[in-house]
Structure formats: structure tokens, C-alpha cells
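Peer 1: Now for the letters of each chain:
2 protein chains.
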Amino acid sequence: MVKVKDLPENTLNRLVIYLKVLDNLEKKRIDSISSDELARRCGVNSAQLRKDLSFVGNLGTKGVGYSVKTLKYHLKKFLGRDHEWNLVLGGLSPLGEYLLSNKNLQRDGFYFMAAFDIREENIGKIINGVSVYNLEQLSYVTKAINVDMAVITCEETPEIYYEAFAKHNIKAILNLSPLPFFPESKEIQVENFSFIFALTKLSYFLKNLKQS
Amino acid sequence: MVKVKDLPENTLNRLVIYLKVLDNLEKKRIDSISSDELARRCGVNSAQLRKDLSFVGNLGTKGVGYSVKTLKYHLKKFLGRDHEWNLVLGGLSPLGEYLLSNKNLQRDGFYFMAAFDIREENIGKIINGVSVYNLEQLSYVTKAINVDMAVITCEETPEIYYEAFAKHNIKAILNLSPLPFFPESKEIQVENFSFIFALTKLSYFLKNLKQS
DNA sequence: AAGTGTGAACTTTTTCACAGCT
DNA sequence: AGCTGTGAAAAAGTTCACACTT
Chain P
395 MVKVKDLPEN TLNRLVIYLK VLDNLEKKRI DSISSDELAR RCGVNSAQLR KDLSFVGNLG
455 TKGVGYSVKT LKYHLKKFLG RDHEWNLVLG GLSPLGEYLL SNKNLQRDGF YFMAAFDIRE
515 ENIGKIINGV SVYNLEQLSY VTKAINVDMA VITCEETPEI YYEAFAKHNI KAILNLSPLP
575 FFPESKEIQV ENFSFIFALT KLSYFLKNLK QS
Chain L
395 MVKVKDLPEN TLNRLVIYLK VLDNLEKKRI DSISSDELAR RCGVNSAQLR KDLSFVGNLG
455 TKGVGYSVKT LKYHLKKFLG RDHEWNLVLG GLSPLGEYLL SNKNLQRDGF YFMAAFDIRE
515 ENIGKIINGV SVYNLEQLSY VTKAINVDMA VITCEETPEI YYEAFAKHNI KAILNLSPLP
575 FFPESKEIQV ENFSFIFALT KLSYFLKNLK QS
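Here the protein sequences come in this chain order: P and L. Going left to right, the first sequence walks through residues 395 to 606 as our numbering numbers them. Going left to right, the second sequence walks through residues 395 to 606 as our numbering numbers them.
Simulated from the structure, these hints should not be mistaken for lab results. Do not take every clue at face value.
Below, in silico cross-link-like pairs of lysine-lysine (BS3-like), each with a Cα-Cα straight-line distance of 25 Å or less [stated by the list, open to error]:
no.	chain 1	residue 1	chain 2	residue 2
1	P	LYS601	L	LYS561
2	P	LYS466	L	LYS601
3	P	LYS456	L	LYS445
4	L	LYS601	P	LYS601
5	P	LYS595	L	LYS456
6	P	LYS595	P	LYS471
7	P	LYS470	P	LYS456
8	L	LYS519	L	LYS537
9	L	LYS580	P	LYS601
10	P	LYS497	L	LYS463
11	P	LYS497	L	LYS519
12	P	LYS497	L	LYS595
13	L	LYS422	P	LYS445
14	P	LYS445	L	LYS466
15	L	LYS470	L	LYS456
16	L	LYS456	P	LYS601
17	P	LYS601	L	LYS519
18	L	LYS601	P	LYS595
19	L	LYS445	P	LYS601
20	P	LYS445	L	LYS561
21	P	LYS519	L	LYS471
22	P	LYS519	L	LYS497
23	L	LYS463	L	LYS421
24	L	LYS422	L	LYS497
25	P	LYS580	L	LYS421
26	L	LYS445	P	LYS580
27	L	LYS537	P	LYS466
28	L	LYS421	P	LYS463
29	P	LYS456	P	LYS471
30	P	LYS595	L	LYS519
31	P	LYS561	L	LYS601
32	L	LYS595	P	LYS471
33	L	LYS595	P	LYS470
34	P	LYS421	P	LYS470
35	L	LYS497	P	LYS601
36	P	LYS561	L	LYS595
37	L	LYS463	P	LYS595
38	P	LYS601	L	LYS422
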């Protein structure tokens, strides 16, 4: 078996951006675009964009450029966005409630099937059609439906949810709690994000701007 | 003037993680830690951690390790988190309302001073003590108070807010709208994030997991 | 003529491995 | 003896520049 060189993390980040920007171009009824122009709109240079796209396939036409529709189609497929995914939520914070109520996620193929919490007063609530169960009932839910991903939105102790989800064979986790964590196993993928992270990067930038 | 080698983006990302993990260690009353152990908790290897910290200073003690408290102190200072920042919000979506109501941001030194929208029905609302103004009134606010950062949480057309903020000399922007954008000028720093981005990275991971 | 796809050159980042301090 | 800080080596990622296709 030939070992295919795997996708660099930053290339993945950029491909996700290209997809979103293409989606927007399609809405604006733009049919065709060059790597130069698309790169400009994505904040990268065109050689980078072409190299990134070469991981996906030969999608352009020499001398012409890219078809917005075709490129979007192949990117979606490459990124696993050509079909729907089932999600569960762990930790019913205000952020969790926001996500359960957010219709945009469904429009992009991400469906919350159930939510879990450990606080008795939350169990049994129904938010935008999604029921909140006790975390101990996770086995029943994973037996009944196929769960692809979990989103953790608790405000503390994300480990409790992480361990339960990992034990039930959920391999992809978006951790939006304030505390990042990192799986031992490479079988499980965790994306950590918090608003404080993003704001801290900006505070670093501003501090250095003022000094120079 | 000697050009100091500037901080790689990924190093910055990791420093932000180290800070948060140290914060948690301090809460757990752990006084001292080795690079090996801290690296493990941050999902990196210890050489990487030590190299990253060398951008901040000589903060450890050979043969001993790092003082949690001291390291946290220096990291906070290095990242510009040793004082408070004034924020404004653009686009009063449910996500925007969530952020305005979120007390954790204040605890970490990020204060929303005002919010802006372009829809008449939202103007004049007060959310968690923060008033919503018409975007056209931005000049009055920026004259009255020093605005450091802006957070865009509209559900479409982020450019409208971006242009207004840039024109009023706001240099750091967190864009949480679905559409990423990239400033022409390097004087302005934009962080783009959306939940769909993060979930798409997970969908790519799952797609490839299943194939192998 | 225009613009992609890609080896090769270059640059940056990561990891290694050990001198040096406690 | 133990663990940091850091040059040097290795690996990875980016940019260049041009052959090639439409």
C-alpha cells in the first residue's frame, strides 16, 4: 500500500475557508474564478491555493480557472460535507442552548439528536425539539442512533463528558468549554475553541502594535 | 534596531493554551511543574514547550521545573492579558446576545462597552447593561471611550461592520459571522471563527477514519 | 494569451541531544 | 541527578517559476 502524504493541518484550515468563500461566490452568481482572485478573497497567495487544491484533485482548467460550482462540489465531498452528521451535546450552558436553537447548523448538515447534562433540573427539558437526558443514559441513546460527533458546552469539568463520549465510541469532539484537553489516542479527534482564546490572540496583537 | 524574530502563529496558539492550562493547575493548587508534565497536559512535546516559552523569557529553573504562578504571570503579561480591554459588538444575533450576557469574559478582562446594529427594532435595547446603538452612531462612541477590539456576530454581511470598525481605527476584530474575511492592511488583525469551520474539520477527520 | 499544476528552491518550524545550572 | 534552554539537524510547509493545456 502506498502511503499517501497526509493533509497538513493548515491546509485543512484553508480548504474549509475556500469552501465557505466559494459558497458565497455561488450565492453571488459568480460561475468561474481564477486562483489569483480566489486566493485574494481568502487571504492567501495563489501558489498556496493551487498547492492546497492539488490535495483534492485536478479541479481547474489551464488557461481558464475554476468553475465555482464544480470546485465547491469536490471540496464538500473531500471534507466530508456531502452528507449529514449526527451530533450530541454535552453540558447545557447558555452556549449549548444557543447551538441547539441554531438553524444554520442543520442547513449545513449537522443535526443535534440529543443533549446530555448532569444537573437534575435540566434533565427532561426539550430545546428546539432536542431532549436533554441524564449523562448516564448515554448508552441508550448510542444504541438507538448512530452518533458521529459530540459538542461539549459545559462551563467546567469537560473531562466528565469527554470520558463518557469516548467510552461510547464517539471519535470526534468539539470542545467549547473554557478548558482545552487533548486525547491520548489519535483515534479521537478533539477541536478546542473558546472565545477567550480568540480574544487573547487579539490582545497579544494589540500589545505589540502599541509598542512599535 | 535589531529585528527580533517574530512569534510564529502556532507558537501563539500554544502559548494561549499553556496559559489556560496553568490557570487550571493553579486552581488545583499545584505549585510547580516540569516541562514534560505541562507539555503532556497541553498535547505537545516538551522540547516544543520549552522552545515556545523561550520566546517569553527564561522562566524555569534548571533541574527543577517551572513555578506555576510565575509562569502564568509572565505569560499573561506577554499575551497582553495583564490588563483590561474595551470591546464593542457588531450585529445583535442570538450569539451576540449570548456574548453580551456572558460574565466569564469580564472575569478575564474583556468588557463590552457598547453594541451596534443596523436594524431599527434592535436600537435602544439594553442587554446585561450594554446599550445597542445604530451603527451610524459609532463615531460618538469611539469619541467618548477608547475601543480596543470589536466582535462581529451578525448573521450576514460582516463587511458592513468591518468597514465601519476599520474606519474608526479599531485594529483587532473577532469575526464570528459565517463568512470569513481578510483585511488588506496588516495593521488590522482579524480572527475568523465559526462553529461550522470547527465541525467541518471534524467531518474531514471522520470521513478519513472510516476509509482506513 | 492566460492560468493551472507541480517539481525544485527556499523558508520556517519542529525535534533532537546535550551543555550547563541547581 | 534532574530538568531547563538552545544550537544544530531534520522535517515540514511555502513560494517560485515554468512546462503545459485550453
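Peer 1: Confirm or reject each hint.
Peer 2: Here is what the structure says about each hint:
A C-alpha spacing of about 20 Å is found between LYS601 (chain P) and LYS561 (chain L), which places the hinted pair at or below 25 Å, so the restraint holds. Of the supplied pair hints, the one linking LYS466 (chain P) and LYS601 (chain L) holds, its CA atoms being roughly 17 Å apart against a limit of 25 Å. At most 25 Å may separate the alpha-carbon atoms for a hinted pair to count; LYS456 (chain P) and LYS445 (chain L) exceed this at roughly 44 Å. Between the alpha carbons of LYS601 (chain L) and LYS601 (chain P) the distance comes to roughly 41 Å, so the proposed pair goes past 25 Å and is violated.
The hinted pair formed by LYS595 (chain P) and LYS456 (chain L) fails the criterion: a straight-line CA distance of about 29 Å is larger than 25 Å. At roughly 32 Å between alpha-carbon atoms, LYS595 (chain P) and LYS471 (chain P) are farther apart than 25 Å, so this suggested pair is violated. About 22 Å separates the Cα atoms of LYS470 (chain P) and LYS456 (chain P), which keeps this hinted pair within 25 Å; it holds. About 21 Å separates the Cα atoms of LYS519 (chain L) and LYS537 (chain L), which keeps this hinted pair within 25 Å; it holds.
This hinted pair checks out: LYS580 (chain L) and LYS601 (chain P) have alpha carbons roughly 15 Å apart, not beyond 25 Å. Between LYS497 (chain P) and LYS463 (chain L) the alpha-carbon distance is near 43 Å, which puts this suggested pair outside the 25 Å criterion. Under the criterion of a C-alpha separation no larger than 25 Å, the hint pairing LYS497 (chain P) with LYS519 (chain L) is consistent with the structure, at around 24 Å. With a C-alpha separation of about 20 Å, the suggested pairing of LYS497 (chain P) with LYS595 (chain L) holds against the 25 Å cut-off.
The hinted pair formed by LYS422 (chain L) and LYS445 (chain P) fails the criterion: a straight-line CA distance of about 46 Å is larger than 25 Å. Between LYS445 (chain P) and LYS466 (chain L) the alpha-carbon distance is near 39 Å, which puts this suggested pair outside the 25 Å criterion. Taking the CA atoms of LYS470 (chain L) and LYS456 (chain L), the gap is about 22 Å. The hint holds against a cut of 25 Å. The hinted pair formed by LYS456 (chain L) and LYS601 (chain P) fails the criterion: a straight-line CA distance of about 30 Å is larger than 25 Å.
The suggested pairing of LYS601 (chain P) with LYS519 (chain L) is violated, with an alpha-carbon distance near 32 Å, which exceeds 25 Å. For the suggested pair LYS601 (chain L) and LYS595 (chain P), the alpha carbons sit about 31 Å apart, so the restraint of at most 25 Å is broken. Between LYS445 (chain L) and LYS601 (chain P) the alpha-carbon distance is near 22 Å, which keeps this suggested pair within the 25 Å criterion. Taking the CA atoms of LYS445 (chain P) and LYS561 (chain L), the gap is near 35 Å; set against the 25 Å cutoff, the hint is violated.
For the suggested pair LYS519 (chain P) and LYS471 (chain L), the alpha carbons sit about 43 Å apart, so the restraint of at most 25 Å is broken. In summary, the hint linking LYS519 (chain P) to LYS497 (chain L) is supported, as the alpha carbons are separated by about 24 Å, within the 25 Å threshold. About 10 Å separates the Cα atoms of LYS463 (chain L) and LYS421 (chain L), which keeps this hinted pair within 25 Å; it holds. Restraint check for LYS422 (chain L) and LYS497 (chain L): satisfied, since their Cα atoms lie roughly 22 Å apart, inside the 25 Å limit.
For the suggested pair LYS580 (chain P) and LYS421 (chain L), the alpha carbons sit about 28 Å apart, so the restraint of at most 25 Å is broken. The suggested pairing of LYS445 (chain L) with LYS580 (chain P) holds, with an alpha-carbon distance near 24 Å, which does not exceed 25 Å. Taking the CA atoms of LYS537 (chain L) and LYS466 (chain P), the gap is about 44 Å. The hint is violated against a cut of 25 Å. For a cut-off of 25 Å, the pair hint linking LYS421 (chain L) to LYS463 (chain P) is broken: about 51 Å separates their Cα positions.
This hinted pair checks out: LYS456 (chain P) and LYS471 (chain P) have alpha carbons roughly 23 Å apart, not beyond 25 Å. Between LYS595 (chain P) and LYS519 (chain L) the alpha-carbon distance is near 30 Å, which puts this suggested pair outside the 25 Å criterion. With a C-alpha separation of about 20 Å, the suggested pair LYS561 (chain P) and LYS601 (chain L) falls inside the 25 Å cut-off, and the hint holds. A hinted pair counts as satisfied when its Cα atoms are at most 25 Å apart, and LYS595 (chain L) with LYS471 (chain P) qualifies at roughly 13 Å.
Annotation: proposed proximity of LYS595 (chain L) to LYS470 (chain P) holds, straight-line Cα distance about 11 Å (limit 25 Å). Only pairs whose Cα atoms come within 25 Å are accepted, and LYS421 (chain P) paired with LYS470 (chain P) is accepted, the gap being roughly 16 Å. Among the hinted pairs, LYS497 (chain L) with LYS601 (chain P) is consistent with the structure: their alpha-carbon atoms are about 24 Å apart, no more than 25 Å. Between LYS561 (chain P) and LYS595 (chain L) the CA atoms are separated by roughly 22 Å; this keeps the pair inside 25 Å, and the hint holds.
Note on LYS463 (chain L) and LYS595 (chain P): the hinted pairing holds, with a Cα-Cα distance of about 21 Å set against a maximum of 25 Å. For the given pair, LYS601 (chain P) sits about 30 Å from LYS422 (chain L) by alpha-carbon distance, which is inconsistent with the 25 Å threshold.
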